[in-house]
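S.K.: Top line first, the protein sequences correspond to chains A and B. Take the working numbering: the final residue in the first sequence is number 247, and no numbers are missing along the way. Take the working numbering: the final residue in the second sequence is number 1120, and no numbers are missing along the way.
Because the hints were derived from the structure by calculation, they are not lab data. Hints may be right or wrong, so weigh each one.
Result set (PhoX-like, lysine-lysine): computed pairs, CA atoms no more than 20 Å apart in a straight line [said to hold, decoys possible]: (1) Lys152(A) - Lys82(A); (2) Lys82(A) - Lys995(B); (3) Lys163(A) - Lys152(A); (4) Lys82(A) - Lys983(B); (5) Lys1055(B) - Lys1045(B); (6) Lys1055(B) - Lys1043(B); (7) Lys994(B) - Lys82(A); (8) Lys1094(B) - Lys1107(B); (9) Lys1012(B) - Lys1022(B).
Over the 12 Å line for every Cβ pair with chain B, so calculated as not near, a few chain A residues [said to hold, decoys possible]: (10) Leu43; (11) Met79; (12) Ala91; (13) Leu148; (14) Val150; (15) Pro154; (16) Phe162; (17) His172; (18) Gln203; (19) Met204; (20) Leu207; (21) Tyr219.
Using N, Cα and C, we set each Cβ at its ideal position, and we do this for glycine too.
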Amino acid sequence: MNRKRMDKTEKLSFQLGEIPVVFDIPVMIATTVAFLVVLALSLLAARNLTMVPTGLQNFIEMIIDFTSGIVRTNMDEKTASRFYGFAFTLFVYVVVSNELGLMFNVVTSEGNHQNAYAWWKSPTADINAVFSLAIAITLFAHLLGVIKSPKLYLREYFKPYWWMFPLHIIDEVAKPLTHGMRLWANIFAGEVLVIVLLQMNWLFAGAPLMVWIGYSLFVGVVQAYVFTILAFIYLSQKISTHD
Amino acid sequence: MQFELGTMLFQLGAFVLLVLLVSKFGSRPIINMMKKRQDHIQQQITSAEESRKEAESLLQQQKEVLEQARLEAKEMIARAKRQKEKEAEEIILQAKIRADQLVKEATREIELEKEKALSQLRDQVGLLSVQLTSKLLEKEVSDVEQTKLVDRYLEQVGRVQ
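The shape of chain B in the complex, shown without the other chains (with noise of 0.2 Å):
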């Protein structure tokens, strides 16, 4: 064992050459990639964050927008129904007034009938009460007097009428 220069010279020599290759070509190539990898996975993991909440915000909306989609289901079917329901009253009131009115026409028409009927009769029962009066009276009735009778019976009747 002895101090040797040299020895220590060529070491240091080496060493220092070798922390200066090794430095340049070797490691720092490869702390870069490390580098480079970790802000990748950084940036993956920050990237999938954000997706993520894209997604939730998304979801939200098209839950917002299902809700909204609902509701306006629901109120429109609301509005049919109150549409309908008004469409059957108005119906059925139509129905009403034109029965009330068909109703009416007809008594109308019914009293007319009878009127006529009544007034036919009435004639009927004129001209065969004067025929058995004028049977009856064929007698003593005087052409004269006959003549006033009837003109007279024709005038309560034509009164009557």
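Extracted from the complex, chain A is given alone in its bound form (with noise of 0.2 Å):
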């Protein structure tokens, strides 16, 4: 029933052509909430910018330096140079997608509960969201591959045994899957368990779910952690690894 209840949510459809396209309404708000937050952020942390950091400037300064970190473990420092944009907005995206749904809940129901939507949650507590983002990244990974050396990039899937071609088609089919799902159902998960607490009687919903709430953060941080390095471990082995 809950699970139901987590689902529930309004959805804008129309067909094209055959191909049926579906968005989901709250994670259409939260994508856009989270959007406008990283880049207020960004844009408010790079105006006025000091030689001597202070506040926000320093804040984003220190996870600039710390995704750029991530980074440069995974690439020598001049390929590194061009991803370390793209490592920050990552972090801080998902970070910031993975704690929206925690801060609040919107329900609106008429007549029952079978009735009830939710109109507030995480983008990466939806698996078409996070999906999204990791199927890209692969993508992305494969085309710079292609784009560096298509031989070498052929190459690599029979290595070191020509007949290792289908486990590397096995992973490189894995990679996205384990990557988007890991950081899914982390979200979710935490997602559920608040609702399910929110469900049950006064004595779960005080300190267990602030408890539980408090672990969702720290989980949100280090998902989105794991889910950076994971982009730039997929993304170097593409780049680097025929060399």
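Relying on the hints, combine the two individually framed chains into one complex.
M.R.: Structure (structure tokens):
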């Protein structure tokens, strides 16, 4: 019943020829909010830049240092510098997306529980949104690999023996799958438990809920870190392994 | 849970747009500033190092100059001392010479005076003895004799003188 409740969101759908195009409205709302929050944060930090950083600039510089460090551990300095902006955006966007759903909960219901609609959730608690990111990153990695050297890119699939080719295919499919699943499952589970605790009696809705939300905030940051680090591991595998 | 192409595309579009916007207007200026700061610090460290080296070399130079000045002063003092000693010696020598000269002159003068006194004394003695002798011989000696005698005597005195 909780799963159902969690899943019940307003959809916007139409047919594009034969293909059904479905938009999830709460995810779109949350994505837009996360988008605006991250954009506002970075623009505010980039305003009035000073040699001696203070306040927000200092904080954002710390995050940039952190994400740039992730990139540098996977690539050489020259290649890495092209991905600093991407790494920073990815990490901060995923963190904000992870935490959004924990902030508050908007549910409207018409009459009974069966008709309740959730209007607010983390974009990363939606499997479509997460897979969109994971698949895009994987495709991006493959694209960079092909652009760098198509021959070497193809040769990777037959290493160390030609008959390992199927294993490589499984590997390449598993990468985005696990990449997305890991993030989605963590955040989704966090939010499900929040709703479960909310629906239990008052004994669970107090301190345990607070503890769980705190833990989920922590998990949100850790999972964003893991997601970013995996993204760059996959990218670097395609860019630098065949040197 | 179902496959939603719209959600995926929306998500992808939003994310790509966000990456572009944040990279261009957010992270790039900040990263540039961080790099600038790093360069600045690097430069500061380098220039500080240079200043330190320069100061060290200046100090060394100053030390050398000071040492040289000290040596020069020492030499000057030594030279002055030597000069002074030489001058003193010369003065003493001159004084000695002068003193010798004075002594010599004085001796000669004394000698002269003595000579003069002696001759005067001799004259006096001669005259006295003549007078005494003439007084004694007044009677016995004739005028001729007396004249002879006086002449001889005078001659003798003249020879002595």
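S.K.: Sort out which numbered hints this structure fails and list those numbers smallest first.
M.R.: 10 and 12
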